[in-house]
Each structure stands twice: as C-alpha cells, then as structure tokens.
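Number of protein chains: 2
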Amino acid sequence: MEFFFNPQGIAVVGATPNPSKGGFAILKNCITGYRGNIYPVNPRYSEIEGLSCYPSVSAIPEHVDLAIVFVPAKLVPAAIKDCAAKGVPGVMIESGGFAETGQEGVSLQQSIKDISEHTGIRLWGPNCMGLVDAVSGHVFSFMDPSALQRGLLLPGTISLIVQSGLLSAGFLIDIMTHRITGISKVCSVGNKMDVNECDLLPYLIHDTNTRVIGLYLESFADGRRFLDMCRGSAKPIVLLHGGRSTKGAEAAMSHTASMAGNHIIISGALAQAGVTEARDLHQMMDLCRSLDAVSRPVKGSGRIAVLTFSGGAGIVSSDFMEERGLSVAELSQATKDDIGQLFPPWMPVRNPVDLWPSIEKHVGTGIDVFSKALAAVLADPNVDAVFVHTYAGNIRIGLDLADLAAQAQRSGKPVFIWLLGRRDEAFRFKEQALSFGIPVFHEISRAVECLAAVCHQQPSYAVNSFPDKDAIPVFFDELDEMQKKYVGPLDEYISKRVLRRHGIPTVAEELVDDILQCEETAVRLGFPIVMKGLQQGKVHKTELGLVRLGVNNIEDVRQSYAVLMEKMNGQGKIVMYRQVKGKIELILGLVRDPQFGPCVMLGLGGIMAEILYDAVFAPAPLTGEDALRLISRMRGQKILDGFRGEPFVNREELSRILVAVGNMGLLYPRIQEIDVNPLIIGENGVVAVDATIILK
Amino acid sequence: MEFFFNPQGIAVVGATPNPSKGGFAILKNCITGYRGNIYPVNPRYSEIEGLSCYPSVSAIPEHVDLAIVFVPAKLVPAAIKDCAAKGVPGVMIESGGFAETGQEGVSLQQSIKDISEHTGIRLWGPNCMGLVDAVSGHVFSFMDPSALQRGLLLPGTISLIVQSGLLSAGFLIDIMTHRITGISKVCSVGNKMDVNECDLLPYLIHDTNTRVIGLYLESFADGRRFLDMCRGSAKPIVLLHGGRSTKGAEAAMSHTASMAGNHIIISGALAQAGVTEARDLHQMMDLCRSLDAVSRPVKGSGRIAVLTFSGGAGIVSSDFMEERGLSVAELSQATKDDIGQLFPPWMPVRNPVDLWPSIEKHVGTGIDVFSKALAAVLADPNVDAVFVHTYAGNIRIGLDLADLAAQAQRSGKPVFIWLLGRRDEAFRFKEQALSFGIPVFHEISRAVECLAAVCHQQPSYAVNSFPDKDAIPVFFDELDEMQKKYVGPLDEYISKRVLRRHGIPTVAEELVDDILQCEETAVRLGFPIVMKGLQQGKVHKTELGLVRLGVNNIEDVRQSYAVLMEKMNGQGKIVMYRQVKGKIELILGLVRDPQFGPCVMLGLGGIMAEILYDAVFAPAPLTGEDALRLISRMRGQKILDGFRGEPFVNREELSRILVAVGNMGLLYPRIQEIDVNPLIIGENGVVAVDATIILK
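Protein chains in written order, with this note's numbering: chain A, 1 to 696; chain B, 1 to 696.
One or more hints might be untrue.
Okay, derived cross-link-like pairs now, DSSO-like style, lysine-lysine, Cα gap no bigger than 30 Å in a straight line [to be verified]: (1) B/K299 to B/K696; (2) A/K638 to A/K581; (3) B/K583 to A/K567; (4) B/K299 to A/K21; (5) A/K573 to B/K696; (6) A/K21 to A/K113; (7) B/K567 to B/K696; (8) A/K583 to B/K638; (9) B/K583 to A/K74; (10) A/K74 to B/K361.
Where chain B lies over chain A, by a calculated footprint (3+ residues, C-beta under 8 Å) [said to hold, decoys possible]: (11) 123-131; (12) 158-168; (13) 435-449; (14) 559-568.
Since the hints were derived computationally from the structure, they do not count as laboratory data.
Positions of the beta carbon are idealized from the N, C-alpha and C atoms, including for glycine.
The task is simple: from the sequences and hints, build the whole structure.
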C-alpha cells in the first residue's frame, strides 16, 4: 500500500486547467502538498499549472507509482490499461458512474476489476475521494484546494477509512476548523472494488503516525478477516456502520436465520472484536479523539470524581454516568478533608464537588481552587478518572489548562472537560486543550459517553483460530452420515442426538415404537412426562398438535399415545422424556451470516422475551472468554444468577456450550442453522429441551 | 407575579460599590437594563453608582415593588421583615446558605417562610439567580454585568424556569454567543421556598413574549397541579428532570410501591401530560428551539424527505429516523420526475435525495438545485417534513436561506437543517437561519431527534377532573366496611371481589368450607382447576406452598385439599377457580407517588418481562384517551395485538380497567397499593387471576 500513501511520482489522469473541475483540484492539491514529480495527463494540453502535460500515462518518461484517475467512467478502462502497460503499481479511480449507478455501471466496474486481476495492478475506488494525509500534506483528492492552501488541515493522530466522500472532504474541514480534532490519514475507498478496509486497516495499524483508527462502512468486504484484524489491533478502533436500520431487528424477529446480515449481528461481531461502535459522524470523531487521548485500558472500575461550578450540571452528569455504567466515586476521607479546606465552613464535601462557593470565597486570594481540588481527587485511590466542568471567559473560574494537563499526565488518570463559555473564548480554550491532549466537550451527555468508552476499554483480544477437528472429542461419523442422508430440518430426536454428541446437554429422551414400550418407558422415566410425535421434516410440532405436556399417569400415557399416533396416521415415532423443571428459558442458536459466517446466538426465551427482544450474537469460533463476554452482553443477564429463587447458571458450563455450537457451525458447512429453543435452566444445569438443526 | 417581572421601583438590598461582589453586579445589571427607580440599600453607603443609598428598605421614600436581597443568610430574616413593613409585594432572595446547606439552614429558611405566610409577602428563592429577561433587559441577578453591557443577550421567545443558577447565567451566554437560540425570560427559582414552578408556569403560559417553556427541575413543588397546568397549556413545554438516576428502576423493581417517586413515574406523568422530556442541557434548548420554530402539531405521520449532498449522511439520517419513529418518505412519481430533471441521466431518484451529482452538473448554470428539489418535495403530499443537509463555505452548495425559509413558510411543513462548514461561515449561516426561524443542527442525530419531537407533538390535552363518586356505578358500602375492618393487605378473595365491583374482570372463583363443597365445586367449574389456601394477612401464597395449579381430577382435588388444609393448620379457607388459558400475562397496579398521588401502572408480566423491565405509569384520574396512551407507551405493546396466535386484547376494554383502577386510588385514600398480577390475556378478554389491595 506504500505506493498509495507515499508514491514516487504521480500521474493525474484527467488533469485540466479549468478551476471549476475536479481534475484541476486534484492537480492543484498534489502541487500544494506533494514533494515528488507530478505528471498531468490530458491529450488536450501540453502544459498545465506550469507542469508538462502528457497524452497518456505510458508517455511519461519517468517512473510513476500512483495514477489518480478522474475522467468520465467510460474512459476509465482504457486509462487503467494504459497504467498497467506503464507498470504503475497503484491507481486511484476517483470518477463516479460505476456499480453505484445501476447495471451498466456494474458491468463497467467488472471490466476494470478484470484488468486488475489480470495484471496485478491495485485499484483504489472507484467513486471515491482518494486520500487526505494532514501530516504529510498528501491530498490525492478533488477536495477544495483552498483548504490545503489556506492551511486548514490540522495534523493529528487519528486515521479514517471511509465509504463516504463527505468524511474525507467537507466534514474534515468542519471538525478541523472547529478544533474538534486533528487528523492523520483519511482513506476514502468508494466502491471498494479492489482496495478495501482489509488492505488499509493493517497499513494503518502499522503506521507510526496513527494512534486511533475510525471507520465509516456501509458494507464489509470480508467480515471475518476484518474482525480478526480488529481483534489483533493494539490501536483502538471505532466503527460507524451506515445502514443499520435497513433490516431492523423487528422484521427479522420471527426466525433466527432471517437475522442474517442485519445490524444486530454486525454490532455483536464488533463488540466481540473489541471495536467501539459509533452511531453518528461527529460522535465517531468524539470517540476517536477520546481514545486518542487515553488509548490504554483505564485502571479501576470507572469511579468518577466530578469537579463542577454548578450543582445542576453535577446532577445531570451523575445521571448520565449511572446510565453509562460509570459510578460517582466515593471520595476518601483524606480527599474530603483536603477539599474541605477550600470550602466555606457550612458546606459539606460531596461528589460531584461543587466548587462555586469555594471559588467565590477565594476570589482575589491567588488560590487556584480547581487546581487544588483536582490534585486531591487525582490522588484519591477511590477515583479512576476526573470529569471537570469549566467556563471559558469567566475570570473567576479561570482554569489553568497547563496545570490540569500536567496533573493528569502525572497521575495517569483520564481527565475530561465539559466546557461552556462565550464563543471566542471557548474556541481558544478548545484549541489550547487540543494541544495538551485533554478532551473537551460541549455537551455533558457526550462527555460522559466518551469517558465511559475510555474507561470500559479492553486490552486487545488474541485472534481465535479455527477449531481443529481432532481436538474436539466428538463423533463425526454420525453427522457425516446424516449429512449424506438428509436435507432441510433434522427432526428433534436426531437434532438433539447430534447436539448431545457435541457436548450440549439435552433431555434424556427415548424413542418408542409401540404402546408397551411406551408404558414401560414412562414408568422408568417417572412422571410428569412429555410425549411428542415425530415426523420427518415436520418441525412445527406444537401447531400440529404433536406435543403432550404434563402427562401425569399411565392412563394419560395411553391416551396420549393413541392421540399422537392418530394425528400422524401411524406414520411416525414417539419420543418421551421426563418434563424438565425450571421457569427460565433461554434460546441458543447458530446462524450463517453472509458477512461473518457462522454466528452463535444467545437470548432470553419465552414469548415475553421475544417481544422485548434480547438476543446477542458473536461470530464463531469463540474462545471460552469470548463466550463469557457474549453472555455478559445479554441485557437480561442477571436472570442467569438465580433471579427470584430460580436455579442459577454456571456461566463456565454455558460458555462451553456456546463454544461447541460455534464449532459445529465451522466444522459442518452444511449446517445452515441450529435452533435450540428452549434451553431450560434447571436444577442440574441447563438442558436443551427442543432443538432443530437445518442442513442445506 | 407581575411585580417580579415588571416592578415599579426596585430596592437592591446588599448593594455595594465593590465590583468583585454580587451585590454590585445586581445593582449594575438593574442600572443597565431597568428603566424605573432603583434604590440601593446598605447602611454603610450614602451613594453607590450615582444613586442614593438607603440604610433600609423602609427608609426608601417612594413605592417599591421588588426587593432583591443579597446579604449573608443570617441577615435575611431582618431584611424580609423590613420589606414587609414597607409593604413591598415581592422579594427575590439571591443569597445562599439556607436549606441547601444542612439543618441550621433549614431552620433559617423556615423562619423566613413564616414571615411570608404571616404577611403575604411573596418570596422568590432563596439560593437563586433571580430573573433574566432578554427581551425587556430586566436582569435581576448577580450574573456577570459585562454580558448585559456588551449586548450579549439575544432576545427570543423561549422562557425557562430553572432550579440551577447556571442555566440563568453562564449557560445563557454560551447558547446566545453560539447563536443556538435567543431567550425571553429565565427564572432561576433556587430553593423554591415560596414562589415555584406552579406560580411561574401560568405566568409564562400567558406571557405574550413566550412561545415555548423549558424547565430544569430537580423536584416538584406540587406534582398534580403542575401536571394539570402542563395539560392545559397551548404552548409546548420541555422538561429536564435532574436526578433521574438516584432511584433507578432496578432498585425499585421488586415491588411496585417502592417505585414511588422514581424517574419512571415522573417520566410517565410528563408523557401523559404532553410534556417533552429532555435529558441534557443543550439538548433541552435544542428541543425548545425546535418546538419554537414549529409549535403547532405537524400534519401527517412523520414522513421525511432528506435533501443531502452526501450519500453517507443520507444513510445515517435514515438510520436515526427509523429509530425515532419517523419514516423515509416514499416520494410520489411527480416529485421523482421533477427531481429527475436535475439529475444526471444515469442516476435514479431515491429518498434520501443525494443532490451532489446534480450540483456538479449545474455548476455555473445559475440553476439552484437545492431550491428546486426543495420545492418538489414540499409539494409532495407524501412528505410531511424536510431534512436538508448543507455546507457553509462551499460556493457550489450555496444554499439560499431566504428562499428556503420562504418555501417552508408557504408550505407549512417543517424544514430542519443539518449544517457542516468552516467555523466562521457556519456561524454566519446559523445566525442567519436563527433570524429566519429555521432550526439548524451540527449533529445528524440531534437534528432527527428534534424533528421527531416536532412531528410527534400532540395537541394539548383537556385537564381531567376528579371522578364523581355518584357517576361511578359501583358499590361503596362494601369497601367502606372493609376499610373499617382491615389494615394492611387484603386477602386475594376480598381484593378480587372489590376489584370486580369496580369493573375489573376477575376469575370466577369460589370459596369453599369443606371437602364436600370443594369436590362439588370442582366438578361444577370443570378441570383443570386452581386451588389456593387463604390466610388473612398472608400474601406470599406461592412461597408458603398454598397454591396448587393444574388440579386435573377429583383425586387431585382431594389430595390438594388435604395438603392445603394441613399447611394452614386448619386456619384458613380454600378458594377455587377454573385455570385460565392464556400465555400472555400483564401486571396492573396502583401506587401512591409522593409527588403525583395515585398512579396507575401497567406492564408485561412474567419473570422474563420483569428482567427486561417494561412498566409504564400515569397519574390518576385517567380519561379513556389517557389510558389508551398509557397502553401505547408500553415497549412491548404489540403483544396485545395477538402476537404469535395468542388472543388479542380489546384496548378499549383494557383502558376502562385502567381508568377504574385510577379512580379507586382517588376515591379511597386508604388504598395504598393495588397489585394485580397476573392479569391474563384470555380468549374472552383480560382477567385478573391474582390481586392484592393494600390498605394503610
């Protein structure tokens, strides 16, 4: 990828002297920011902006690493061929008019993809804005040249990979001129025909000028590879998935398989890979800059001291902190004593610490109340991070940012600022804070959200590898044989047998052939008993009247047997098991997602849980730790811990089951779906009561 | 209240020539903005700022309508007495050191409250920042005088009532200098010892300079009155409740009564009264200014057309719109044809409408793409509101705000803007948009949130009145008698009998005295049967083993009878009813909230629903319409409509039940709590299966 970022020689195909055209802007930006040789290419000119212009790339006498192409779509294939002939390793196609426009564009895009596959030339785009590098000044993009010329680009250490031109052009100018953050590289990848996030992410992970990586993606080129890269990254990654609403959870709710490709799965995959998910554009940048300021895991459990000049703002902060899983730190007595010396005598010290009366008390004394209070809370072992409220343009408050930054640095604890103030004073404050690396926010909710993201950061996860068949102590022959024999849904009995073989506990059920065996089995199992009629390929047993719950005595057994056999017209078998005690039902499953492959699903069961939707997903394979994290992501997870006197769940056991289900999905590509519903939490652990495996 | 807002003569008690003191700031602000007579009061000076200074209020020779008091807390009682002696109708006590500081301050506050009650003098505060009126220039506050002198106050039509000084001082300067919005009046009410939101809200509702009212409250002085005022207000009301986290739903979950006073109840009460709830300070102002721009209910169902210059921003907008209950409008063919004429031929017209290629196509032609596209979508009957994305400082986009405002005005449809841009250009754009009354936002999520608040606005609700005993066709004698006889929890049988009398359907249960009657009843009711042991004062029947479900035959009946009688040691009765079919369970109840009185509660039942918490509240009395709205506020409400083949609920019937429960709470002050759990959705309507009424 180096020839894209730091090329030796650039050809600008479609360069023009017309300043209202993109071909001019690209050339102008190269001239302004790039220090190597630049070759305009356009058969209609011999010189543009004082540079010799060539009729084609192959006519350029020197070596060219990168060609930036901005000509009408239909002329692009010839331009690429010309670049390939010249031996140019990389091309950025910034023209639009390809797959995004309809069938004709799809064909055109395929034709240039063919050239790339044939020649090995790497293609970036099409339909993109190329690259903006605010550190090196390389702007290989038709973004407004005045931005670069006027020095509006603010160098920083956040790099972006974006599937939207906006985020590499106007949006950048917005966040930079508002002093929200500086930027390192922004890669606008457009249609991602060849170069995509899986090429660029490793480059940025190894880039010394990048500390945090943000992505705006509308699709994943290779979901599994991407997740592995994220898991392995020591740098924080923030991702905004555009289009999360198109397939909402609601439409997909009735069936696990239909959830494939929707945002819940993507969201689960990102969470499992340690990626911070963003929802809006500026919010993504706020998360990035917060993780840029505090890119290491924060010690402690998110206990926050709030230093404020307004009781109301302190209360609102506490409200958001509780919502975001942070807590209002219990200040130690030493801290209270320290701060108490600043306070008027009538005022008790509480967290949030309202400094206003102390500020009033010390006006004109030269005592810096904020600095002293900050020192006290930073020294407190019960405080993991500090949230400071301040006001720009009020001399009484007069926060000393240099002192604050130095204290934060020494303590190793994050200090975030909520800032109010007159517009110009606030701007200067933000500018200064940015240079000190202290995150400043204009809204309390956003500040707390970002503080939570920083405090809840995890160390990076080891990449988990595909399970080794030999390492899994199960019997394959049986399922191999079944895979040959069946297609579509396996019946309940077979499905559970397969699951049992793979380590998933199921009810101890028995298949009976006649009424005598049935009665004998019932007595042996003990009442109450469940009896079900099994017919191959029929999964909706309840709707067909093939389920008899609470069979309580031999009379019931006989009657149920007769009813079931009649409903099946004698064409089927009967399965029996002792009814499982336990009110809490989980659902557990496996779906194949087109982007992430087999994904394990866990959720609360029962009709109420279905209405209030609580299911979480993680792509297989899972390590035991992954599985525990999946469990802990369930909103209603406390039901697992013995809620209302019900049995509690051994999370280690449940995690082993989740790992096993994921492995089945990887080992048997013909398993399309596994649906365990319900998995009951019983006295002796969880047990799968009903299950279906669907083969494709 | 007029003497507070437009006083004839002001005394400033505690005025001082020391510019670092609040007593100086108050005087200076009065001098700058108030046109009537001002009388500094301070025995140590004869003149301050060129005005005659008096030793006491009673020494002032002229009439005084308002005294602003800013002296140490312990001197306040004497100052109030002096004002009362002079016949001053209103006093703003801006000093701190009262109830907010501890027991001593509480006593001091009580002593001045006594003076008020004795003399009729109205007291505003203490511990407040008084009043800021940006329209009249009346700043009766110790806010920094330079703000008023430098003309930083931006007049507007939003008024605030706030329990935090910040929101009437620094915060105002922040939002005004950032051109977020102008302001009419801000009333900082502090400890609300006498004058509170119930005094000020009616004043602002009738104030011709106020179009929208925002409140930041940490407590409610009189919840019920306040709600009635809100219901009756034709002006939009936005409220931020500070301290919503202190009693979270979780802690209160185990018991309905313990939910009293928590944020869920407050939130429910506000929603039922048509108040828009805010969560953060700037977000409150964003909601206020949006409702200020569009203060009438919006026609249609929230179908939004998005005009953007970025496909990605359009997608992110759609995501938020779906989450907020808005929809991406299906453009009519005529609109598509109109817009299609602007588009390049290869580009299909979709909503969000990405105008970028059209903008590029028309550069230099003088055709205003935004204006034409806006006209097309505003004329579309399938479009209820328009969300425009624009960029300040890009000549190509060059949105004509005057044209946009005129078009919006003519169409009567809301037009909201998401704005990016260079800092200075964006500021000028915001300034201009503010003058046109077009709401502009810097973040997509906030813009969509506010657009949703505007589109989901309801017309104001009629104030519902206390139910008339005579109008309710029930028997009171029985409950009156019970109220005499019992205290604490009434048993299940009596509780259900009372509920039945008030129109709540319950199981047809029977009380039996002996085994013979029991058997006979069982046969008559039909199996399966539920049998329960009743003991007075014992409500936890399940835990005591006093519930037998699924009693299926006479043998079971005999055995169950024996077991129950044994468990009760013969001291109790047995109640029997036929088991109700139906998987869906609701819970229904009544709690007494210290702020809002009796509140009706409705929620999904069962253990899963309890874990995923879904209960909603509304203060009684409820109209039928209120009750329907309460039902529709349940997150899992679709379970009522026949989910998964279960019976559906007649919402009218359920609403009658909710109204009746609320009325019981109002009619019988000794009913502390009603707990119907479960209310089962059965084939023949909902039915209360178990219930407890608790008398205090």
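Hint by hint, which ones does this structure get wrong, listed from lowest number up?
As far as the earlier hints go, 1, 4, 5, 9, 11 and 14 are violated by this structure, in ascending order.
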